[in-house]
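**Student:** Full structure from sequences and hints, please.
So the protein lines, in turn, are chains A, B, C, D and E. Residue numbering for the first sequence follows the numbering used here, starting at 1 and increasing by one per position. Residue numbering for the second sequence follows the numbering used here, starting at 1 and increasing by one per position. Residue numbering for the third sequence follows the numbering used here, starting at 1 and increasing by one per position. Residue numbering for the fourth sequence follows the numbering used here, starting at 1 and increasing by one per position. Residue numbering for the fifth sequence follows the numbering used here, starting at 1 and increasing by one per position.
Worth flagging that the hints you see were computed from the coordinates, not collected in a lab. Ideal placement from N, C-alpha and C gives every residue a C-beta, glycine not left out. Misleading hints may appear alongside valid ones.
Using C-beta positions, here's what the derived DEER-type ranges look like [what the hints assert, rightly or not]:
no. : chain 1 : residue 1 : chain 2 : residue 2 : range
1   : B       : Leu111    : C       : Asp301    : 56 to 62 Å
2   : A       : Thr110    : C       : Gly33     : 52 to 58 Å
3   : D       : His46     : C       : His46     : 28 to 34 Å
4   : D       : Asp124    : E       : Glu293    : 49 to 55 Å
Derived list of chain A stretches under chain B, where covered just means 3 residues or more per stretch with a C-beta under 8 Å from a C-beta of chain B [to be verified]:
no. : stretch
5   : 61–73
6   : 105–118
7   : 195–201
Here are some of the chain B residues that sit facing chain A, going by a computed Cβ distance under 7 Å [to be verified]:
no. : residue
8   : Leu11
9   : Ala152
10  : Arg225
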Amino acid sequence: MSGNVSSTVPLDVPPDQRKAFQERYDRMTGGKGRLMLFAGDQKMEHLNDDFHGEGIDPEDGDPEHLFRIASKGRIGAFATQFGLIARYAADHPDVPCVVKLNSKTHLVKTLQAEPLSRQWLAVDEVAALRDENDLDIVGVGYTVYLGSEHEAIMLTEAAQIVHRAHRLGMTAILWMYPRGRAVPNEKDPHLVAGAAGAGACLGADFVKLNCPDGSDISRFKEVVRAAGRSKVLCSGGSRMDERSFLERLHRQMEAGAGGSATGRNIHQKPLEQAARFCDAIYAVTVDRAPVHEAMRLYWGDPGA
Amino acid sequence: MSGNVSSTVPLDVPPDQRKAFQERYDRMTGGKGRLMLFAGDQKMEHLNDDFHGEGIDPEDGDPEHLFRIASKGRIGAFATQFGLIARYAADHPDVPCVVKLNSKTHLVKTLQAEPLSRQWLAVDEVAALRDENDLDIVGVGYTVYLGSEHEAIMLTEAAQIVHRAHRLGMTAILWMYPRGRAVPNEKDPHLVAGAAGAGACLGADFVKLNCPDGSDISRFKEVVRAAGRSKVLCSGGSRMDERSFLERLHRQMEAGAGGSATGRNIHQKPLEQAARFCDAIYAVTVDRAPVHEAMRLYWGDPGA
Amino acid sequence: MSGNVSSTVPLDVPPDQRKAFQERYDRMTGGKGRLMLFAGDQKMEHLNDDFHGEGIDPEDGDPEHLFRIASKGRIGAFATQFGLIARYAADHPDVPCVVKLNSKTHLVKTLQAEPLSRQWLAVDEVAALRDENDLDIVGVGYTVYLGSEHEAIMLTEAAQIVHRAHRLGMTAILWMYPRGRAVPNEKDPHLVAGAAGAGACLGADFVKLNCPDGSDISRFKEVVRAAGRSKVLCSGGSRMDERSFLERLHRQMEAGAGGSATGRNIHQKPLEQAARFCDAIYAVTVDRAPVHEAMRLYWGDPGA
Amino acid sequence: MSGNVSSTVPLDVPPDQRKAFQERYDRMTGGKGRLMLFAGDQKMEHLNDDFHGEGIDPEDGDPEHLFRIASKGRIGAFATQFGLIARYAADHPDVPCVVKLNSKTHLVKTLQAEPLSRQWLAVDEVAALRDENDLDIVGVGYTVYLGSEHEAIMLTEAAQIVHRAHRLGMTAILWMYPRGRAVPNEKDPHLVAGAAGAGACLGADFVKLNCPDGSDISRFKEVVRAAGRSKVLCSGGSRMDERSFLERLHRQMEAGAGGSATGRNIHQKPLEQAARFCDAIYAVTVDRAPVHEAMRLYWGDPGA
Amino acid sequence: MSGNVSSTVPLDVPPDQRKAFQERYDRMTGGKGRLMLFAGDQKMEHLNDDFHGEGIDPEDGDPEHLFRIASKGRIGAFATQFGLIARYAADHPDVPCVVKLNSKTHLVKTLQAEPLSRQWLAVDEVAALRDENDLDIVGVGYTVYLGSEHEAIMLTEAAQIVHRAHRLGMTAILWMYPRGRAVPNEKDPHLVAGAAGAGACLGADFVKLNCPDGSDISRFKEVVRAAGRSKVLCSGGSRMDERSFLERLHRQMEAGAGGSATGRNIHQKPLEQAARFCDAIYAVTVDRAPVHEAMRLYWGDPGA
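**Tutor:** Here it is in structure tokens:
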């Protein structure tokens, strides 16, 4: 096997699925190994908090808003729950999807009970949806709460999901989040580096992390190194202004990030604006464009 | 696939079941996409409290009362447990049924332990009952207590039940109820909107909710929007006078509700009266009739 | 399907098992729809407390005593654990048996931990024992502790056991017992009525209950009505004098009970006396004999 | 089926396994229905406490010591874990074995947590080991902690293991031990009688109990009667002098015990002495020899 | 079966896998029955603590560092998680691997909750990875926390993993670690001996232990004896100077250890140095070389 293939296609992808895996991987990373993920699993994770209220465009209240953005903007993949994909993908067949296989609400806080989020459906059911409808489902996603007293359950489900995704020619993205009474600081870079390495041990192709912002390069480099060949996706987090967002992302990409994962910062905008912000994020993430170019895309002035 | 079909038939319904799914969906919604659900799972959920006592007709003490009403009144579907359907449906073969797949008693209160209700039987067993006896089982139902510490168990069972129902050509209704120590106000409209969106993520065709009464349209619209293409069924709740009941329902339907789910307000009445109240609710829910017309149906004066 | 059959044979009994089911049902109810159940699961439920001590015949210490009584007396069916049936039924092949599928000891009290009793063996294993040895196993039994914090586990097992018994042509008896911290009064008639209805929802053919004694007919009628077509079996409970026992049972049968379930009041007697008491109970339960006739049977003076 | 067979071979042994079951039963009981069990599961149950220290022969530190004794001494069967049998039985192919299917360490005391010991491997895997290597595996063993809050788990596993052993032509021995916060006196004879009956309900061929010492015959007879056709094996317990040991055993056998189960009192001795003590125990247990004869065997003076 | 084979190949290895098992066993033990294990599962067990920081070579931050060492140094086998092997083994195809099947983070301390680490993937999935890619996967590994309140879960998984590994022709290594509230001193030699014997009961080919350092020979001999034919691997533990490390190991090997398991003491060094330290450890472990010779290897002066 050539070195190039080996670093992308893990060995648990069976030989007859390696070409399909590589093609999906290339499609979602623009052939450049960097992933712009539009993360849209918050209707379960945050209930309606991210979709209704001050500063949120009314269009965002409708689940289809997510698909419209994913269809119109430039993205690597759109991550959301199976139920929404089954409901809306027929009208948005061009969207590359990642099926987020577990989700929980934010109702029970960590102070009340240790976090636990469990697998909803089998990877095989995802593959069947994909093949039966000729959908562009490129991967699956799963959240692990490292440091939760229920960690053992999620580690097992994660390992099995990653492996089964590979068997079926799909990529696997792990949301690696330290959380629980045992975790005083979820964003400590050394701990995030540990989460990155843990994701690698689990076989993830991509690990979504609360990345250090890249202004302290050395701390972020620890994270990227720990992930090894698993690519680090920097979570977008809560709402912030667009230029600052892109500048932070640019620093993260410069420092070795393998991609970005953005939710609220995209979908709380009206459709056109949201789609153009996808274009901008994609440019920084995949094309490694400078921020001023990306901002022109966001302003709808690509030809400048 | 035509846009019309796609918005009704989710993609996880296999091609050879799509026609059957659409027919069941149309039958239960009167071809109008609105569902009048006669909810009759309270013999487990509330034990005998809803069926015996002051202001409850003695006929209601017999489980068959529910089937007699469902048979005589105009309904979209009647939801109850598998055991009752297996026992009574042979004598009431015309009743369109939804098999409620989980139920718990109300004995253990939330203050004592976090709510948990688990799946009793497989969807495949429902389909076998349906096919073997040529019953008109149009769907399955399941309750999720969002915000319970046992939420993860119910989210997984719900997602699998919805998916398996779709595989077998049936619709899925989720009772989405925020409940537990983490939920101070179960009927907060913003939280109910979150529950609606959560039901959509789980792939539900219908989500049964404690709807805002529609007098504050904006708060209810948040709920309806959050559900997207999953239809919102407004729970009837505790006993109230018929006109007020229908007026509230009318406001809810005007505000975008996808249907109604009524139990005690129907079955605590004697048979004839109960059946006529079904007619009235059906008229408001499915035919979008004005309340005064519906009240005439309830009075047994349809020709007026 | 004729109305007569439909009310006895639930629809989840497959067509090719309906005749066998009906025959078993008729055999255990003497063709009259009323069941005299000899309940003999106490060696696990009460350990040796019911079988050794003051006022208990020494013969009762031997497990075979139960089979000898079941063989010699007139009974509808004898309920006990699989292990005992496998060990003794070869020598008592005429005994109609109900395999009690769960049991717990009484060592852990409700104050210490919420009650939980789980399924031991599959219904299919019962059917195999039945068919391989040509035994007269007419049904299976299972206890549900409603109101226990572990209620969800037992509701699911109960629903599945009832259904699987039906698939294999056998009846299902549920011991429906409210118990746990949430249940201050296990014998409250309204609660017992709830338990009866819950048993009906689970699909039970018979529900074994702590029945009101029938002296207050209205309270007992609530129970019987709530059970619907599921027959109510009145538990015999702790030891009492024979005439009082039969009088109470007679009142219960008059008030609509579907049968009786008696353990200690039978097996703590020496064999001959125990067998004659079976005859007496059977007479009141199935033949609806008056108490004085039944007492003559007990005295061994049937011809009087 | 003849009465003789029926009392030994339970009906869940399939017809084509009954001869094999009977032969194994006869072999392990010397054709006399009484079992001398050499119990050697303590390396897990007591870790190294029974195998190293004051008064323990150094040979006992090596796991093979157990097999050497079992091979050299006269025993009915040797009970130990699967892993040891797989490792040593090839060199001791003549040893009749019982695979102990669950075990726990004694590290967590009852005061800290309720006792729980779970099944390690399937009975089918035992049968495969037996058949593939032509080993003389005559049965399986399992411990139930009655009165533990985890009792339900162990009752289910026990019932399934007994049944599956019977399906595969092997005997089943249950270690029935009341233990947990709910059990103030584990050796109360009435409670032990309850444990005996519980073992019978679970279908055990033999129940290993903390037997009363037989000096109070009436209390021990309650135990033996409660077990019925399941044979009572008296646990040897902690180290004591040989004559006292044999005298107690003799009383127990006289009082109706079905056998003995001895561990430390055998294996803490050097090989020759241990083997001769097996001979002595076997003589008392199976041959019903008087103690003075057995002591001669122990002294190596059988011809006397 | 010859004595030689029987002591190495357990009987649950099926006949058609015995040759493959023996070859793997010989390859990983250099044909001498002693194993030098390079333990590399710490990216999950200790997150990034062992891979970044003071005194740790920067190369160690990259997961591939482990594979480079394993490829360049002389080792018996390299133990790490499935995900890393699937990602890196294509570029390091010569490395003999042991797939560590469970792992947990160190975030939740014993004081907060009892330790639990669960199986991630099936042994069959390991065998498929091995065969599909012609990898040199010689065994699997699993950690048991004896004395944890969750001990029962891990004992069962361990027994099943060992057995399944044997079925598929692979060796099994158990990390036997007493841990939990019930364990005041995890390194007490008598307790470690108990852990060794427990590993033998579970069928392990090798048990990895916190060995006494061998300076008190008698205490270590208890450990080695208790393990019987299961080989004792002495854990390397935290960082120490090379000569002291090798001297301790030499004493342990002299005292009967079956091998060594070293992690941090190898991989925190730069590649060349790490590889040479592997050579040194291998020499002491497998070749039984004296420490001064091993140190020459470490200094890169093998010809001396």
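**Student:** Each hint needs a verdict: does it hold in this structure or not?
**Tutor:** Here's how the hints hold up against the structure:
no.: 1; hint: B:Leu111 / C:Asp301: 56 to 62 Å; verdict: 59 Å, holds
no.: 2; hint: A:Thr110 / C:Gly33: 52 to 58 Å; verdict: 57 Å, holds
no.: 3; hint: D:His46 / C:His46: 28 to 34 Å; verdict: 32 Å, holds
no.: 4; hint: D:Asp124 / E:Glu293: 49 to 55 Å; verdict: 51 Å, holds
no.: 5; hint: 61–73; verdict: holds (count 4)
no.: 6; hint: 105–118; verdict: holds (count 9)
no.: 7; hint: 195–201; verdict: violated (count 0)
no.: 8; hint: Leu11; verdict: 5 Å, holds
no.: 9; hint: Ala152; verdict: 4 Å, holds
no.: 10; hint: Arg225; verdict: 4 Å, holds
Violated hint for the displayed structure: number 7, the only one.
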